[in-house]
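Participant: In case you want the letters, here they are:
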Amino acid sequence: MRQSLINEGALRRNRVIRRLGSVGLWLNPIFAYFFLWAPILILVLFSFNNSRSVASFTGFTLKWYSNILNNVMGAESAFSTEIMLNAFRNSLFVGTIATAISTVLGTMIALAMARGKFRGLRLLDGLLFLPVVIPEITQAISLAIFFKVVFDWAALISGERIFPGFHTIIAAHVTFNISYVAIVVRARLADMDPQLEEAANDLGANPWQAFWRVTFPLILPGVISGALLAFTLSLDDFVITFFTSGVGTSTLPVFVYGLLKLTVTPEVNAISTIMMVLSTILIGISLAMQGRNASRA
Amino acid sequence: MKKILLLLPVLLLLAPLSLAQDMEHEPWTCPEGYEGQTLSIFNWSTYIAEDTVPNFEEACGVTVNYDIYESNEAMLARIRQGNPGYDIVVPSGGTVQRMAEEMLLIPLDMAMIPNVANLIPDLLGAAYDPENTYSLPYQWGTVGVGYSTEVFPDGITSWNQVWEHDGPVAWLDDRQTMLGIAHLFLDNDPNTTDPDEINAARDYLLEKGGNVVTVAADDGQVLLERGDVDIAIEYNGDILQISWDCECDDYAYAIPEEGSNVWIDNLSIPVDAPNPELAMVFIDYILDAKVGADLTNYIWYASPNQASIESGFIDEEILNDPAIFPPPEQVANLFAIIDVGAEAEELINNAWDELLIFLGQ
Chain A
1 MRQSLINEGA
11 LRRNRVIRRL
21 GSVGLWLNPI
31 FAYFFLWAPI
41 LILVLFSFNN
51 SRSVASFTGF
61 TLKWYSNILN
71 NVMGAESAFS
81 TEIMLNAFRN
91 SLFVGTIATA
101 ISTVLGTMIA
111 LAMARGKFRG
121 LRLLDGLLFL
131 PVVIPEITQA
141 ISLAIFFKVV
151 FDWAALISGE
161 RIFPGFHTII
171 AAHVTFNISY
181 VAIVVRARLA
191 DMDPQLEEAA
201 NDLGANPWQA
211 FWRVTFPLIL
221 PGVISGALLA
231 FTLSLDDFVI
241 TFFTSGVGTS
251 TLPVFVYGLL
261 KLTVTPEVNA
271 ISTIMMVLST
281 ILIGISLAMQ
291 GRNASRA
Chain B
1 MKKILLLLPV
11 LLLLAPLSLA
21 QDMEHEPWTC
31 PEGYEGQTLS
41 IFNWSTYIAE
51 DTVPNFEEAC
61 GVTVNYDIYE
71 SNEAMLARIR
81 QGNPGYDIVV
91 PSGGTVQRMA
101 EEMLLIPLDM
111 AMIPNVANLI
121 PDLLGAAYDP
131 ENTYSLPYQW
141 GTVGVGYSTE
151 VFPDGITSWN
161 QVWEHDGPVA
171 WLDDRQTMLG
181 IAHLFLDNDP
191 NTTDPDEINA
201 ARDYLLEKGG
211 NVVTVAADDG
221 QVLLERGDVD
231 IAIEYNGDIL
241 QISWDCECDD
251 YAYAIPEEGS
261 NVWIDNLSIP
271 VDAPNPELAM
281 VFIDYILDAK
291 VGADLTNYIW
301 YASPNQASIE
311 SGFIDEEILN
321 DPAIFPPPEQ
331 VANLFAIIDV
341 GAEAEELINN
351 AWDELLIFLG
361 Q
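Going line by line, the protein sequences match chains A and B. The first sequence begins at 1 in our numbering and counts up by one. The second sequence begins at 1 in our numbering and counts up by one.
Just so you know, the hints here were simulated from the structure itself, not pulled from any lab data. Everything numeric in this text was worked out from a predicted model, so none of it was measured. Warning: the hint list may mix true and false statements.
To be verified - Some residues of chain B that are not near chain A, with every Cβ distance over 12 Å (derived):
id, residue
1, P27
2, G61
3, P256
Unchecked claim - These stretches of chain A come out as covered by chain B in the derived footprint (C-beta under 8 Å, 3 or more residues):
id, segment
4, 79 to 86
5, 245 to 257
To be verified - What follows is a list of derived Cβ distance ranges for each label pair:
id, chain 1, residue 1, chain 2, residue 2, range
6, B, S71, A, N14, 52 to 60 Å
7, B, M112, A, M275, 39 to 47 Å
8, A, W37, B, E70, 21 to 29 Å
9, B, T29, A, I134, 50 to 58 Å
10, A, S158, B, Q37, 17 to 25 Å
11, B, T29, A, S158, 34 to 42 Å
12, B, D353, A, T58, 40 to 48 Å
13, B, D250, A, W37, 37 to 45 Å
14, B, S158, A, F146, 54 to 62 Å
15, A, G165, B, G167, 35 to 43 Å
Here a beta-carbon is modelled for each residue, glycine too, at the ideal position from N, C-alpha and C.
Put together the whole structure using the sequences plus the hints.
Facilitator: As structure tokens, then:
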């Protein structure tokens with residue numbers, strides 16, 4: 001009798017908790033996605049705002065996009081739009097080159113660490129994580145000082161002053177991107193069965209052939225993910241770029257930050273939207289590729 | 001109407017001049033020998049007209065790199081770690097002094113800048129760069145009082161009206177400006193470093209601060225707009241902003257007759273600039289009457305260029321707005337803030353903190 005009473009109470013509590021839980025389970029992703037997407041949606045919304053102000057939405061317009069388009073096509077060249085577009089081009093340029101270099105280097109490091117056996121492997125492994133772990137500002141300042149010292153020496157030796165520019169930004173981006181690429185590719189390598197490579201070698205493939213015919217296709221999704229991650233980080237980066245950029249090489253984040261004192265115009269919203277659509281397409285492609293690869297394997 | 005009446009004498013003075021000069025002005029011409037060179041400019045954001053740079057590129061046959069920054073500190077950070085290659089920077093007054101002390105600026109060669117004669121004499125020789133060795137004014141503005149025209153239908157002409165107002169007032173949380181205003185009443189140098197004078201200024205403000213409801217960090221205009229205060233001591237541009245936003249005559253801006261703080265942004269050439277000669281040519285170009293007027297017509301800050309003002313190239317609407325262009329007789333009463341050094345800065349900080357505590361802030 002007593003036993004059953006307790007059970008009933010526990011049961012009821014249990015049911016309430018479950019019901020709350022199922023509601024919470026629904027609410028959780030809703031809130032998560034809301035927090036993730038609401039600010040971005042507002043940014044997109046205001047890129048269609050007729051007024052320059054971000055305080056109120058006064059009407060729908062495509063004029064900010066057409067301003068950008070006109071500048072790109074050279075039909076019109078407003079100075080303020082032009083410097084923004086220039087920053088956008090710089091971002092894409094830096095991102096592309098830095099991604100290409102860091103993907104190759106990062107993949108090579110990952111392979112060396114997964115396959116190689118040498119003294120100091122553990123230490124090197126730990127060092128690889130350093131750029132991921134240390135604060136960005138620390139890395140930015142150390143890079144800025146490093147470039148200054150190197151350029152000062154170079155000026156002493158050659159008598160020619162070297163200014164920072166794309167080369168310094170790209171070098172800096174490669175520095176932090178390598179770690180991310182290497183980490184992603186290593187994860188993929190860890191999942192890979194090493195016997196596949198050994199089998200290829202047994203069947204007469206030389207190491208070069210074994211890498212290109214067997215290993216590389218298997219880790220390709222990891223390499224692509226790493227590259228996309230690197231590209232995104234490169235596009236996003238503000239702190240390190242700020243400290244290593246030279247004249248006329250401001251990337252979009254550095255440019256937008258420069259606007260803070262005054263107004264962020266809807267043109268900035270428009271170009272951010274374009275940039276976001278671009279990254280979404282890139283991520284879509286990478287997901288599709290990974291999905292295809294997974295289903296084949 | 002009030003504004004127009006106030007400015008009538010100025011207008012009358014300027015009218016004949018403008019007619020005369022309009023005819024005479026010849027477009028600025030670039031000295032020879034710069035074709036194919038590059039100039040790199042580092043300026044505040046949205047602080048230049050759309051055609052200023054393209055016209056310069058065309059006139060001189062040069063290429064211009066143009067980057068923007070959002071604060072003096074951001075610019076300073078870039079130049080301090082070794083000039084990455086800029087030829088022109090636009091520091092505010094106190095920053096000019098700091099950069100000059102740290103040897104981050106190079107002296108200007110006035111022989112290459114004949115248009116320096118166009119500048120308003122009262123804006124030259126400011127305390128932060130007494131000989132204009134390193135800097136020439138680019139644009140400028142003031143700190144004054146924004147007030148509700150409903151509460152003050154007859155306007156504000158004196159700081160005493162602010163001190164004695166029976167209603168809520170917001171001060172600006174800018175210690176050197178506020179203490180400087182007190183120094184004006186005490187017949188001290190607004191940038192004094194004397195401990196007794198600084199304390200006297202603190203006591204003066206304490207005595208006059210009975211009606212202060214808030215010491216606002218540069219958002220006094222919002223309080224004024226919301227009706228939380230009747231008077232806000234603020235930068236002219238901020239008061240101008242709320243007048244534009246509401247498209248009404250509910251707010252006005254005035255510089256009290258005793259004087260106030262003037263801020264000046266300046267054209268300077270950072271140390272290790274790759275092309276200082278072309279930078280001087282560019283400064284001369286900016287100081288041209290027409291170019292200077294076009295700048296002001298686009299960015300709506302006051303031009304330091306007397307020739308621009310007299311030429312009639314500046315839109316009447318801007319020229320006649322006392323929130324942008326203070327009447328000339330007031331310009332002489334304005335004081336610029338300088339970098340007073342670490343020791344005096346601490347005295348000022350302490351005095352200000354004590355003041356805030358006693359005001360209940």
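Participant: All the hints need checking, so say for each whether the structure fits it.
Facilitator: Against the structure, the hints come out as follows:
Non-interface call for P27 (chain B) relative to chain A: holds, since the shortest CB-CB distance, roughly 19 Å, exceeds 12 Å. Distance check for G61 (chain B) against chain A: the nearest CB is about 18 Å away, which clears 12 Å, and the non-interface claim stands. Every CB of chain A is more than 12 Å from the CB of P256 (chain B) (nearest about 27 Å), matching its label as outside the interface. Coverage of a stretch by a chain is defined here by at least three residues with a beta carbon nearer than 8 Å to that chain's beta carbons; for the segment 79 to 86 of chain A and chain B the count is 3, and the condition holds.
Taking a C-beta to C-beta cut-off of 8 Å, the segment 245 to 257 of chain A contributes 7 residues in contact with chain B, enough for the three needed, and the coverage statement holds. In this structure the hint that S71 (chain B) and N14 (chain A) lie 52 to 60 Å apart at CB holds, the actual value being about 58 Å. A beta carbon spacing of about 42 Å between M112 (chain B) and M275 (chain A) agrees with the range 39 to 47 Å that was offered as a hint. The supplied range of 21 to 29 Å is met by W37 (chain A) and E70 (chain B), whose beta-carbon atoms lie about 28 Å from each other.
In this structure the supplied range 50 to 58 Å holds for T29 (chain B) paired with I134 (chain A), their Cβ-Cβ distance being about 54 Å. Evaluation of the 17 to 25 Å hint for S158 (chain A) and Q37 (chain B) yields a pass: the beta carbon distance comes to about 22 Å. Taken as a hint, the range 34 to 42 Å holds for the pair T29 (chain B) and S158 (chain A), whose Cβ atoms sit roughly 38 Å apart. Separated by about 44 Å at the C-beta atoms, D353 (chain B) and T58 (chain A) satisfy the suggested range of 40 to 48 Å.
Between D250 (chain B) and W37 (chain A) the beta carbons are some 39 Å apart, a value that agrees with the proposed interval 37 to 45 Å. Our hint of 54 to 62 Å for S158 (chain B) and F146 (chain A) holds, since their Cβ atoms are close to 57 Å apart. A hinted range of 35 to 43 Å for the beta carbons of G165 (chain A) and G167 (chain B) is inconsistent with their spacing of about 57 Å.
Of the hints listed earlier, the one the structure fails to meet is number 15.
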